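Trainee: Here's the letter readout for the chains.
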Amino acid sequence: MRDQDFFWEGVSAGKLLIQKCQDCGALRQPPGPMCPHCQSLKWTAHESRGRGAVAAWIISKHPTQPDQNARIVALIDLEDGVRMISNLQHVSPGDMDLGMPVELFFAEVNGTVLPQFRPSLEA
Amino acid sequence: MDTILNQTAIVGIGQTEFSKFSGRSELQLALEASKAALDDAGLSPADIDGAVTFTIDTNDEADLVRNLGIRELRWTARTTGGGGGASATVQLAAAAVASGAANTVLIYRAFNERSGQRFGQPIGGYAGGTPQQDIHFSFGFGHAGEDLLDVVPALYGEIRRDERGSGPLCRHRPRACGDQPACVVL
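Chains as they are written, first to last, in my numbering: chain A, 1 to 123; chain G, 1 to 186.
Keep in mind the hints are simulated off the structure, nothing from the lab. None of these values were measured; they are calculated from a predicted model. Think of the CB as a built atom: it goes at the ideal place given N, C-alpha and C, for glycine as much as any other residue. Heads up, some of the hints might be wrong.
[Claimed, not checked] Restricting the straight-line Cα-Cα distance to at most 25 Å, the calculated cross-link-like pairs of lysine-lysine (DSS-like) are:
1) Lys42/A to Lys61/A
2) Lys20/G to Lys42/A
3) Lys42/A to Lys20/A
4) Lys20/G to Lys35/G
5) Lys35/G to Lys42/A
6) Lys35/G to Lys20/A
[As the list claims (entries may be wrong)] Only some residues are given here: those of chain G computed to face chain A with a beta carbon under 8 Å:
7) Lys20
8) Arg24
9) Ser25
10) Gln28
11) Leu31
12) Lys35
13) Asp63
14) Asn67
15) Leu68
16) Gly69
[Stated by the list, open to error] Here are some of the chain A residues that sit facing chain G, going by a computed Cβ distance under 7 Å:
17) Gly32
18) Met34
19) Pro36
20) Ser92
21) Pro93
22) Asp95
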């Protein structure tokens, strides 16, 4: 009954799924029951290729404890046409840049498999 | 003299079905009811510029905006608790319209009570108390369980004739606990 269940079922299957309105075709992310463009409740799951570009990012560090593993939290412009928030790995904060091409991969973070992004290996 | 009464109007009302197991999230119920109210009023989501609900509602205003397609909320407010606060949500919305803070206010409330949280076994503390108060009221005033059926038409009528001051909408469930009346929040 949770609106985001399909997303996590997709992650379990190694897929990044995005809701697609069955009536007007618009994609939406994060998950929600209703299409904001046509108010339809009918949707299907669109599998993203997981390619995009960095729209914005921050370096997240624990505010009060030593934190050697600061995380890059990034807003990703997916080529599908929606944005999602995720983490960037395999890149140092100093090498981050706006518009950097990135690609999806799945990684275990504190015992949970999450969709993550890394600099695109393809030119 | 201009009062809040002649400066404001309720222009649409919407609801979902009332069910024991809705099978949908509370957000979806809120969106379906909101869409029904907009259709009733002949308005679109872009016309809404204010929103009101209870403090105990789990649906964040931003989620209503994001899913319903509201373009910009200028004003939001929540009234304390739930239950009898229903009238206060209308009062808040009317005050916003009369003052010019907003033009068209969406009042929403969605709840999977029986569907989401077992009746009579409150977890948060607010889901189980009022039915017991209803039973107490019913027996205290010498009413049988069937009398609670009368509450429902009253709620759908022009005014709520309910001396309790607060409490859920009620309907009779004969088998819920023997012959005693029981209520569910709709």
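Trainee: Each hint: holds or not?
Mentor: Do the hints match the structure? See the list:
{"no.": "1", "hint": "Lys42/A to Lys61/A", "verdict": "40 Å, violated"}
{"no.": "2", "hint": "Lys20/G to Lys42/A", "verdict": "23 Å, holds"}
{"no.": "3", "hint": "Lys42/A to Lys20/A", "verdict": "9 Å, holds"}
{"no.": "4", "hint": "Lys20/G to Lys35/G", "verdict": "21 Å, holds"}
{"no.": "5", "hint": "Lys35/G to Lys42/A", "verdict": "14 Å, holds"}
{"no.": "6", "hint": "Lys35/G to Lys20/A", "verdict": "19 Å, holds"}
{"no.": "7", "hint": "Lys20", "verdict": "14 Å, violated"}
{"no.": "8", "hint": "Arg24", "verdict": "7 Å, holds"}
{"no.": "9", "hint": "Ser25", "verdict": "5 Å, holds"}
{"no.": "10", "hint": "Gln28", "verdict": "4 Å, holds"}
{"no.": "11", "hint": "Leu31", "verdict": "4 Å, holds"}
{"no.": "12", "hint": "Lys35", "verdict": "5 Å, holds"}
{"no.": "13", "hint": "Asp63", "verdict": "7 Å, holds"}
{"no.": "14", "hint": "Asn67", "verdict": "4 Å, holds"}
{"no.": "15", "hint": "Leu68", "verdict": "6 Å, holds"}
{"no.": "16", "hint": "Gly69", "verdict": "4 Å, holds"}
{"no.": "17", "hint": "Gly32", "verdict": "4 Å, holds"}
{"no.": "18", "hint": "Met34", "verdict": "4 Å, holds"}
{"no.": "19", "hint": "Pro36", "verdict": "4 Å, holds"}
{"no.": "20", "hint": "Ser92", "verdict": "33 Å, violated"}
{"no.": "21", "hint": "Pro93", "verdict": "29 Å, violated"}
{"no.": "22", "hint": "Asp95", "verdict": "33 Å, violated"}
Comparing the model with each numbered hint stated earlier shows that hints 1, 7, 20, 21 and 22 do not hold.
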